[in-house]
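Mind docking chain B on chain A? Use the hints.
Number of protein chains: 2
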Amino acid sequence: MFTRRTMLATGAALAAMPAVAKPSPLDHIKAIHRSLVCLDTHLDTPANFARPGWDIMQRHSAADFSQVDYPRMVEGGLDGGFFAIYTPQGPLTPDGMMAARDAALLRAAAIREMVARNAAHFELAFKPQDAARIAAKNKRIVYQSIENSYPLGTDVTLLRSFYALGVRMAGPIHFKDNQLGDSATDKSRTWKGLSPMGHDWLALCNELGIVPDASHSSDDVFDQMVAGSKTPIILSHSGCRAVHDHPRNIDDARMKTLADTGGVIQINSLSAYLIATPDNPEREKAQGAIYGKLRGLSDMSPADAKKALAEAGAAMKALDAKYPEPRATFEDYMAHMLHALKLVGPEHVGVGADWDGGGGVTGMEDCASNWKITARLIKEGFSEDDLKKIWSGNVLRVLQAAEDGRAKPAAPPVSGGGGE
Amino acid sequence: MFTRRTMLATGAALAAMPAVAKPSPLDHIKAIHRSLVCLDTHLDTPANFARPGWDIMQRHSAADFSQVDYPRMVEGGLDGGFFAIYTPQGPLTPDGMMAARDAALLRAAAIREMVARNAAHFELAFKPQDAARIAAKNKRIVYQSIENSYPLGTDVTLLRSFYALGVRMAGPIHFKDNQLGDSATDKSRTWKGLSPMGHDWLALCNELGIVPDASHSSDDVFDQMVAGSKTPIILSHSGCRAVHDHPRNIDDARMKTLADTGGVIQINSLSAYLIATPDNPEREKAQGAIYGKLRGLSDMSPADAKKALAEAGAAMKALDAKYPEPRATFEDYMAHMLHALKLVGPEHVGVGADWDGGGGVTGMEDCASNWKITARLIKEGFSEDDLKKIWSGNVLRVLQAAEDGRAKPAAPPVSGGGGE
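So the protein sequences, as listed, match chains A and B. Position 85 of the first sequence, counting from 1, maps to 115 under our numbering, and the rest follow consecutively. Position 88 of the second sequence, counting from 1, maps to 118 under our numbering, and the rest follow consecutively.
FYI, nobody ran anything at the bench for these hints, they're computed from the structure. There may be inaccurate statements among the hints.
Stated by the list, open to error - Mimicking DSS-like on lysine-lysine, the simulated pairs with C-alpha atoms at most 27 angstroms apart in a straight line are:
hint, chain 1, residue 1, chain 2, residue 2
1, A, 336, B, 167
2, A, 169, A, 60
3, A, 315, A, 217
4, A, 167, B, 336
5, A, 169, A, 157
6, B, 286, B, 315
As the list claims (entries may be wrong) - Below, a sample of chain A positions facing chain B; criterion: calculated Cβ distance under 10 angstroms:
hint, residue
7, 124
8, 131
9, 192
Every residue, glycine too, gets a C-beta built ideally from N, C-alpha and C.
Excised from the complex, chain A in its bound form (with noise of 0.2 angstroms):
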C-alpha cells in the first residue's frame, strides 16, 4: 500500500533513480501530489451525512450529487479540509434563529459522528500540528468550520461552545444579510458592515483562536474584519473580482490587503463566480424546484433516497439540454488561481473549491481531480515549496496566528498592523 513515507522522495530525488525505475511525467506529478499534505478549507461533505444510506466510505459521483467521499479523497490526494457547519440563512427571527442553532449542533454532531464511525480513516483535526501527525497515520484530516454564523441567534457566546466542538474557522454571513453583518450578493447593505454583534463575533474569534472567515461577506464586511481582526483573516472560498466580476470575488486591492496582513484566499471552484453566464430565471426557478425535492432527503428511505437522487440527476440533465449555460472549465479555475499567485504570492493563495456546496468545473468534477491543480502549478513553475504553502501550509499558518492569538487580547497583530 502507498504510504506518505516512502512518497516524501522530492522530484529531485526520483529524477536521480535509475533510468529502470523512471515514473512517467504523470505518476512523478502524482507522486509529488501525494507527498504534500493537501486540505481543502471549505468541504459541504457534512450535507451529505444525514442523506439516506450515504456512506462516505462508498465511492459516489458528481452525477450523484456528491463530490467528496473517502475513495476519491484518496484518488485525489485530498487529506482532508476544513468541514462546514453550513446553516441556510433563514428568517431573523427567534424561531428561524432557534431552528438554524438546533441544525447547527446536529451538523456539529454529525461530523465528529462521522468520524467515531470511520476512525480507521478519519481523525479530527484541532491543531495546525494536527494535520502532519494526522496526514503520516494515511489518515483523513477533519477540521471543522462554520458557514453562517446566524446559528448563533443573539448569543454571539455560543460560538464558545463551537470552538469547544472543535470549530476553528467560522465566517459570520452566506447569501442574505444577517444579524452579523452584511452579505456579498444581497444589496440591502443592511448594516453598512458588520453589526454591532458582528464586532463582539469577530473579537471573539481572536479571543479563542478561531479563524475569521470573509467569504459570503460584503466588501465593507471585509474590509472591517481586516482592519478589526487581531490575526490574519481567510477567504475560505472565494475567486478574483479581476478575472470575473462578481460579488462573491474580491477585488485586488483588497487582496493585496489580504496578504499584507498575512491572510490567505482559497480558490473556489463554482462556475458562476469563474465566468460570466447570463441571467436566466427560468432556469433558475426550474433548479431550485429540482433542488427542493431533495431538502426531504433525510427523511426517506435510502431506497426512496436513491430513487430522488436518479430523478434530479435527470431533471438537471433536462434542465442542460432545455436552457442551456455556460459551465467554467478546469482552465476558468485555474485563470483565478493563477490571478491570485501572480497578485499576492504562493503565500497567500490556496484551495477551497466548495465541493458538495455548489463547486465544480468541466475537468474537476469532484475531488477525485485535485491533483490536476498541481500538475497545473508544477507546469507554471511553482516549486514543492510554493505547493506546500498552496495546499495546506497557508493555512496552517494562518490557523496557527489565530491559535498564537488566543485569550491575548493586548497583543499586537500577528502581522502588519491590520490594514488600519
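Relative to the frame of chain A, chain B by itself:
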C-alpha cells in the same frame, strides 16, 4: 448466539418442555430476564467515554470505577437506558454557565460518537417504540437524558437544541440550588421550589415532549413539577424515605401523588441513600481527594490513566480500612424497591441504579448483576407482566405520554389532573 426471539418463551412454556430439556431454576430466571426489554433510567456511563483508552466494548470492573460496558450489559441482560448528559453544578455566573454549556454539548456529542463508533452494538433511541425495535436487533438502546439543566444558562430555549440532539428526559437540578430551582441536598431553599425560569423550563419540557425528572429536586420542586407538568413526571434514580430518611429519597405521600398522576419512581442503588451511614467528615474529605485526582483523567495518556485508576482503587481500599463505613447490600436495595412496589404497585416502579454515578451495593456491584433484581421479584411473586412494566413498560408509558402531549399546550393532563 442467544437471540431475543428464541427467548420469548414464557416461564409456563419452559415448564411445559420435556424434562430432558428442563432448565435449572437459575437458567429459567435468566431466560425470563433476557426476554424482557430492560432499561435503566439513569446511566452516568458517558462520564467514562472521555477516559483515555476506555472502550465500552471491553469488559471493565467496578474496581476500575466502571459499572456499565457492552459485555456486562449483555451478561446482566441490560438492554440500555437513558445515558445522562451530566454536568456538575458550578457557579451561577456567566462564565460558569458558559463552561457548563460547552461541557454538556460535548457530552451530548460524546454519546452520539459512542453509538456511531459501535453502530453494530448500540443504537440511538428517540421514541418509545424504538426500544423494542432496537432490542429486536439485539442492539443496546441509547436514550439520552439531562442530569442538571444548569448548562442552559439563562436561555431556557437551549433545551430545544438538546431535544434536537435526542434528549427525551431532563432533570432541572443537581446537588445544589441553581437558576432553575432548589436541590434536595441544598438547605438554602433559594426559590422555595422552581424559579421563574424553572417554570418556563417545565413548560418547555411539556411542549417538546421531554419527560421531566425530579430526582435531585427538593420536595417543593417535586410538588411544583407534579402540579405543573401536563404529562407524568419521573424520578429517574431515587429511593423511599420510609425505608431510609434521606433528602434524595421521596416520602410515601409524594410517591402516591407521583403514581396517581401516572408517573414512575426508578430505584437508585447508591449506598448512602439506601441505609444510614454516620457522618464522617475525615472520610469524605479523603474520598474527595481521591476522586479529585481522577478529574484530569481525560487529559492523561492511556497508561497514565490506567495508573491513576489503579492508585485510586488502592486508595479507596485503604480508606475503607481506615474509616470503615457501612455499605448497603442487595437486600437493602430491594427493601426500597419492594416498599415502592407495595405502596404504588408495579405500574409505577422501575430501575435507575445510578451506574457510574455512585450506584452499587454489596451483591450488585455493576450492571452485570441486573438479573438479580428479576430473580428477587419473581421470588416475591411478581408476574412476567409486572416485570415487563418494571423493566421498561412504565418509563416507556411516561415517555409516550410526553410524546403525546408534545406541542399541545392546551391539552388536558394525560393522567389524573396533575395533583393540583
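If you check each hint against the structure, which ones fail? 6
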